[in-house]
Amino acid sequence: MNINTLYDRLSSVRLTIFVCILLATVSVVGTVIPQNLTVEQYGNLYGQGGARFVTGLGLTDLYHSVGFVLLLCLLAANLVACTTKRLPGTWRSLRRDASPPSDAAFENWKCRESFVCSASAQEMEDRLEGVVAKALGKRPRRKTVESRGQILLVEKNRYSRLGPYVAHVSLLAILLGTLWGAVQGFKGGLQLAEGESSSEAWLRTGAQRVPLGFQIRCDRFVFEQYPDGTPKEYRSEVTLSELEGETIKRGTIRVNHPLSYRGITFYQSTYGSLPELKLRVRDREGGSESMVTTRLNAPFLLPGSQGDRAMVVSFQENLHIPEEMARVTSFSKRSLGPAARIVLFNDKGFGEPFWVFRDLPDMGKKTERTHAFVMEDVRLMSYTGLQVVKDPGTPLVWIGCTFLVIGFLMALLMDHEIVWVVGEVAGENQYRVRVAGRAVRHPGIYAARFDRQKLRLRKGLSPWLKKPLGDL
Amino acid sequence: MTEPTLIRLCIFVYMGSWLLYLVHVAFRKKAMGLAGDVAAVVGLFLQTLSIGVRWMESHRMGIGHAPLSNLYESMVFFAWTIALIYLVFVRKLQNRLLGAFVMPLVFLALASTSLMNPEIQPLVPALQSNWLTAHVITCFFGYAAFAVAFSLSLLYLLKLRGGEGAEGFLRARLPAAELLDDYSYRIIAVGFPMLTLGIVTGAAWANEAWGTYWSWDPKETWSLIVWLIYAAYLHARLARGWQGRRAAWLSIIGFAATLFCYLGVNLFLSGLHSYATG
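Chains as they are written, first to last, in numbering that gives the first Met the number 0: chain V, 0 to 471; chain D, 0 to 277.
Chain V on its own, in the form it takes in the complex (with noise of 0.2 Å):
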């Protein structure tokens, strides 16, 4: 295949339509088969082999299947193609009006007409165009006189005819700005107690951080209610600060109102609560003692030790012993409070976890920990789940979107029609008027509307008119 059938494949109609039907195929694949799970959830939703089956043809994230890419690209070229192709064409006959149709091409329109008036070349000369004005809403764009008679030439929405040119280069403006902002930009999450900070966002993707190049810090999370429960609002109450120190601003995240600073935009996402543990811990060799506030997986250093060290691993805020674990276990009642799951390690290892009760302060005192825990408060702080996202590809975007429905209208909504009127001297104190119309893009419709045209055409020419001819 040569380059030039290439590109009048790549531009052609055809392929547009292909490649629309193939690209809602194949959302619909998408749509069908649940997106972006765990390799379990495949397992128990098809089985061993049906996961594998679903996993190895990409089907678990198809949008970003280099199949689907593929395909999005095959559809930019076409869109690329079809522009370059067809808009100096375009462009051209707009900078230049069409000849009137021959007369065998007049023959050939669908809507024609003609009438015969009794009047001379001059008298209609001025005539026949405010009577073509009036009866077609508009007035003509052009006029050429000649020896015989005049041709008229009246155009409606000229310019729709770029309408679809606009649609289809906003459209590759869209995924550009797409592209852009995916190798650009970054989309991350924050989890923030109150009072805590951060000066950076874990991606959503692998556990990478990125640094926002200053810092956030949660003042107040609040969750308002409906009187029948439901929510009614969430709401984060934040501090931008440099990462020396000094306050930027204060602002508050909402559902549906983000805040912005610097290229980075914060959404209000989950929330939930955070333990903040009081424990007392005892060197029972040594004898030291020491009072830690700690929270969910925070190291600490263990008193009396030099590099050993704990932490909370997990928290629960009232742990309840399983019924059939109940039976081999010497607890006298089944729910135990708020306990606490921690873990000793240092350069060497981890030990085995362990749990810590509040309410049951004496247990593990016959273990032969090095150490001796107990909890002596424990304070459920509210945190607050931001989204965080870097974007720079939207503007391009919301302009591309702009753009996409102004062309859509142009093209779709406007009708592109013209009318030619050719006025010519038949005889001795005879005048022909022919006049014939199209709209290439709703001919049908096109037609009733051309029906009522004539009516007003001999209404406007009555005064001349001697009788109608042509195919009324």
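Because the hints were derived from the structure by calculation, they are not lab data.
Just so we're clear, the structure is a prediction, and the values are computed from it rather than from any experiment.
No residue lacks a Cβ here, since even glycine has one placed at the ideal position from N, Cα and C.
Be a bit skeptical, because a hint or two may be false.
Claimed, not checked - With a cut-off of at most 27 Å between alpha-carbon atoms, the simulated BS3-like pairs for lysine-lysine come out as follows:
hint : chain 1 : residue 1 : chain 2 : residue 2
1    : V       : LYS347    : V       : LYS364
2    : V       : LYS155    : V       : LYS109
3    : V       : LYS458    : D       : LYS91
4    : D       : LYS218    : V       : LYS186
5    : V       : LYS186    : V       : LYS389
6    : D       : LYS91     : V       : LYS453
7    : V       : LYS109    : V       : LYS142
8    : V       : LYS155    : V       : LYS142
9    : D       : LYS218    : V       : LYS231
10   : V       : LYS458    : V       : LYS155
11   : V       : LYS389    : D       : LYS218
12   : V       : LYS453    : V       : LYS137
13   : V       : LYS137    : V       : LYS109
14   : V       : LYS155    : D       : LYS91
15   : D       : LYS91     : V       : LYS137
16   : D       : LYS91     : V       : LYS133
17   : V       : LYS155    : V       : LYS133
18   : D       : LYS91     : V       : LYS109
What the hints assert, rightly or not - Short derived list, chain V residues pointing at chain D, Cβ under 7 Å:
hint : residue
19   : THR15
20   : ILE20
21   : TYR233
22   : ASN255
23   : GLN386
24   : PHE407
We have chain V; now place chain D onto it with these hints.
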């Protein structure tokens, strides 16, 4: 009168309009066609009233919002837009057989609301946005336009059936095939920019609420599928050999996809639009 009573009344008025259109078509009685129009106008008026009553009622409850926030309210609005587009359009087409096809869509949509929760609910935080009204109105005008275009495409295929020549009962009463084809294009040409606006306003809203203008959520994806089908339809009319019959089939498939996008997604797939279920 309360809002549910008004809706029930509307169902009967629209049904009456349908029956009048049927009589008009069957016996070629012009007066019956006009009576059908009048009934449809009365139905639309009563329905507009019911939407207004519901809106005011929500304000009286202290949770005032436009009645466009759940499945019940959207279905009422869907029926309203179909009736409105039909009434604007029937004056141009001058053929009431279309009414006999469109009116059932209107009263069936309204009747289906009896299966839904009619309670006026407060807006959850995600719905508290100025985009809500713009998004829902544009989407549903698009959907309704496709519904009317679907009826026209059906009529077009009926007109073509059996080839030229033999004059069937329906065929004799239908406008020219070319006119049906043109008008269904015409209405899709109105619906398509509307749907585009609906998707764009939805994307702008999602970007403000969640920080992503597109997340391939099933509802989003299905709206794109519908958009792609009608994009194919519009291009089909430009390419030779795809006009007429094939374009009519695309319009029918497009409306089926529209219905799935509106109802099927909420019934069969889970996603971000879950509040439109109840």
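Hint check results:
1. Between V:LYS347 and V:LYS364, the direct Cα distance comes to roughly 25 Å. Compliance with the 27 Å bound is thereby established for this hinted pair.
2. A hinted pair counts as satisfied when its Cα atoms are at most 27 Å apart, and V:LYS155 with V:LYS109 qualifies at roughly 18 Å.
3. For the hint pairing V:LYS458 with D:LYS91, the CA-to-CA distance comes to about 23 Å; that is within 27 Å, so the pair holds.
4. For the hint pairing D:LYS218 with V:LYS186, the CA-to-CA distance comes to about 22 Å; that is within 27 Å, so the pair holds.
5. Distance check on the hinted pair: V:LYS186 and V:LYS389 sit about 7 Å apart at the alpha-carbon level, within 27 Å; holds.
6. Taking the CA atoms of D:LYS91 and V:LYS453, the gap is about 18 Å. The hint holds against a cut of 27 Å.
7. Among the hinted pairs, V:LYS109 with V:LYS142 is consistent with the structure: their alpha-carbon atoms are about 23 Å apart, no more than 27 Å.
8. Between the alpha carbons of V:LYS155 and V:LYS142 the distance comes to roughly 15 Å, so the proposed pair stays at or under 27 Å and holds.
9. Taken as a hint, the D:LYS218 and V:LYS231 pair is honoured in the structure, with Cα atoms around 24 Å apart against an allowance of 27 Å.
10. The hinted pair formed by V:LYS458 and V:LYS155 meets the criterion: a straight-line CA distance of about 22 Å does not exceed 27 Å.
11. Distance restraint check for V:LYS389 and D:LYS218: the Cα-Cα separation of roughly 25 Å lies within the 27 Å cut-off, and the hinted pair is therefore satisfied.
12. With a C-alpha separation of about 14 Å, the suggested pairing of V:LYS453 with V:LYS137 holds against the 27 Å cut-off.
13. At roughly 21 Å between alpha-carbon atoms, V:LYS137 and V:LYS109 fall within 27 Å of each other, so this suggested pair holds.
14. Restraint check for V:LYS155 and D:LYS91: the C-alpha separation of about 20 Å stays at or below 27 Å, so the hint holds.
15. Of the pairs offered as hints, the one joining D:LYS91 and V:LYS137 holds, with about 22 Å between alpha carbons and a cut-off of 27 Å not exceeded.
16. Proposed proximity of D:LYS91 and V:LYS133 is supported: the alpha carbons are some 22 Å apart, at most 27 Å.
17. Straight-line distance between C-alpha atoms of V:LYS155 and V:LYS133 comes to about 14 Å, which keeps the hinted pair within the 27 Å bound.
18. A distance of roughly 21 Å separates the Cα atoms of D:LYS91 and V:LYS109; the hinted pair therefore holds under the 27 Å criterion.
19. With 7 Å as the threshold, the beta carbon of V:THR15 comes within range of chain D, its nearest partner Cβ sitting at about 5 Å, so the hint holds.
20. Here the hint on V:ILE20 is kept, as its CB sits about 5 Å from the closest CB of chain D, short of 7 Å.
21. Checking V:TYR233 against chain D by beta carbon gives a least distance of about 6 Å; that is within 7 Å, so the hint holds.
22. The beta carbon of V:ASN255 comes within 4 Å of a beta carbon in chain D, closer than 7 Å, and the hint placing it at the interface holds.
23. The criterion of a C-beta within 7 Å of any C-beta in chain D is met by V:GLN386, whose closest approach is roughly 4 Å, and the hint holds.
24. This hint holds: V:PHE407 has a C-beta 4 Å from the nearest C-beta of chain D, less than the 7 Å allowed.
In this structure, every one of the numbered hints holds.
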